[in-house]
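Engineer: For the protein sequence lines, the chains are F and X, in the order given.
The first sequence begins at 1 in the UniProt record's numbering and counts up by one.
The second sequence begins at 1 in the UniProt record's numbering and counts up by one.
Keep in mind that a hint or two might mislead.
[Stated by the list, open to error] In silico lysine-lysine, DSSO-like type, Cα no more than 30 Å apart, as pairs:
# : chain 1 : residue 1 : chain 2 : residue 2
1 : F       : Lys17     : X       : Lys66
2 : F       : Lys17     : X       : Lys138
3 : F       : Lys17     : X       : Lys29
4 : F       : Lys17     : X       : Lys143
5 : X       : Lys72     : X       : Lys54
6 : F       : Lys17     : X       : Lys102
[What the hints assert, rightly or not] The following label-pair restraints were derived from C-beta to C-beta distances:
#  : chain 1 : residue 1 : chain 2 : residue 2 : range
7  : F       : Ser37     : X       : Lys99     : 38 to 46 Å
8  : F       : Asp22     : X       : Arg52     : 21 to 29 Å
9  : F       : Ala54     : X       : Ala157    : 14 to 22 Å
10 : X       : Asn156    : F       : Ala54     : 16 to 24 Å
11 : F       : Glu57     : X       : Glu46     : 20 to 28 Å
12 : F       : Ala54     : X       : Lys42     : 19 to 27 Å
13 : F       : His60     : X       : Gln123    : 23 to 31 Å
[As the list claims (entries may be wrong)] Just so you have them, the derived chain X footprint on chain F, three or more residues with Cβ under 8 Å:
#  : region
14 : 9–18
15 : 30–36
The hints are simulated quantities; they were obtained by calculation from the structure and are not laboratory data.
Quick reminder that beta carbons are idealized off the backbone N, C-alpha and C, glycines included.
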Amino acid sequence: MTDVHSLAAPAAPADLKHVSLDRESDARYWQQRFSTSRARLEQAVEQVGHNVSAIAEFLHHSG
Amino acid sequence: MSKMLLLMPLIAVAMPAAAAESPTAYLGKAGAGDLYEQTSSKIVLETTRDARVKSFATMMVGDHGKSTAMLKSAAAASGVKAPPPSLTPDQQAKVRALKQAKGAARDTLYWQQQKAAHSQALQLHQDYAAHGSDRSLKDAAAKIVPVVKHHLDLLNAGR
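Excised from the complex, chain X in its bound form (with noise of 0.2 Å):
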């Protein structure tokens, strides 16, 4: 009995932190994470003349877009609900201040809140592969990693 009760503490070592989010938490993160990333590259496609931000901007359309059917259909098969995808008041902010900037400067501006967006993105990403609770969605979570690395590659590689 002494014993056992020596271990216990060591036992409570070994375990993962319990930084995950919670599935319905990670679902709303992620939803709105691919809709700001969807709405604000739509924006910028409908100006720019720059190949570089349209061929990205292009990709993020896609590739954001898939990681949400990927996303519901994990949910789906967990039984896991989440809300309809919606910005948070920072997102909000930034595609506000994306329409009202013109031009190149627009473009400049798309690509620093992308480089943001997308480190945030890889950081809630890998967080819930590593830690998370649910396994459907912790698998899609471990896919989106490599995907979002690539993005922020591309964006650090420069325009």
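Bound conformation, chain F alone (with noise of 0.2 Å):
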């Protein structure tokens, strides 16, 4: 009951640095970490490549 079904996290991917979408698992995880869409991250990594940060960056200004 202290948690909720959608609140479920995915396990957290191997590289914590690097965004990787090739596992769905880590994809997920991603997701949620950055409040957005599948689509919208492979977007980002085309632009940027796989730094969190650069991702990060990315995702705040472009959207």
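Reconstruct the complex from the two isolated chains, following the hints.
Structural biologist: Have a look at this one:
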């Protein structure tokens, strides 16, 4: 009762500083982390690479 | 009628435990937490020469600024008033200790303080996201949880 289903967090990826969307659970972790969609994350990775800070910056400014 | 009376305790049991803070108390604690994260991170950024501390502290200034903005707009949407955030006496003492620490010792102390603060923050936001009474604040809390979780994951992964 301490948690609700929608809050169930995906397991943390092995690399916490680089956004990788190869594994489904990692992709879900980063989607939750940035409150964004899979498509936006893919776009971010394509534009600025995998670095977490760069992705954060990109998502902040583009939207 | 007697059937109704028998059912009432069952209904009470099925209700979620009223463990969450009031909207105002939640906003106060969350605001103080964000302010503390930003204040302590700015202090460590003045002196650190450790690349990991630098990148983590920079992330803290950005992310905790965003969560404050998110909570402010959620509070406005719900018409909940919250006083401007202020540090608790415990947070003030931690900031003082951080200022007094020098060099690499400051980095180490910062990392320890961040772990404790993020564990508390995760608990606060998770509780509100699960049991809070205000819908907008609850939604904001649910968005803040994975961010704080990521910070804690980074802290636990070590410097």
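Engineer: Each hint needs a verdict: does it hold in this structure or not?
Structural biologist: To see whether the hints hold, each was checked on the structure:
1. F/Lys17 to X/Lys66: holds (19 Å)
2. F/Lys17 to X/Lys138: holds (28 Å)
3. F/Lys17 to X/Lys29: holds (28 Å)
4. F/Lys17 to X/Lys143: holds (19 Å)
5. X/Lys72 to X/Lys54: It holds: about 27 Å lies between the C-alpha atoms, which stays within 30 Å.
6. F/Lys17 to X/Lys102: holds (27 Å)
7. F/Ser37 to X/Lys99: 38 to 46 Å: holds (42 Å)
8. F/Asp22 to X/Arg52: 21 to 29 Å: Since F/Asp22 and X/Arg52 have Cβ atoms about 24 Å apart, the given range 21 to 29 Å holds.
9. F/Ala54 to X/Ala157: 14 to 22 Å: The hint (14 to 22 Å, Cβ to Cβ) holds, given that F/Ala54 and X/Ala157 are roughly 19 Å apart.
10. X/Asn156 to F/Ala54: 16 to 24 Å: holds (23 Å)
11. F/Glu57 to X/Glu46: 20 to 28 Å: holds (22 Å)
12. F/Ala54 to X/Lys42: 19 to 27 Å: holds (21 Å)
13. F/His60 to X/Gln123: 23 to 31 Å: Given range 23 to 31 Å: holds, Cβ gap about 27 Å.
14. 9–18: holds (count 4)
15. 30–36: Satisfied; 3 residues make the cut.
Taken one by one, the earlier hints all hold for this structure without exception.
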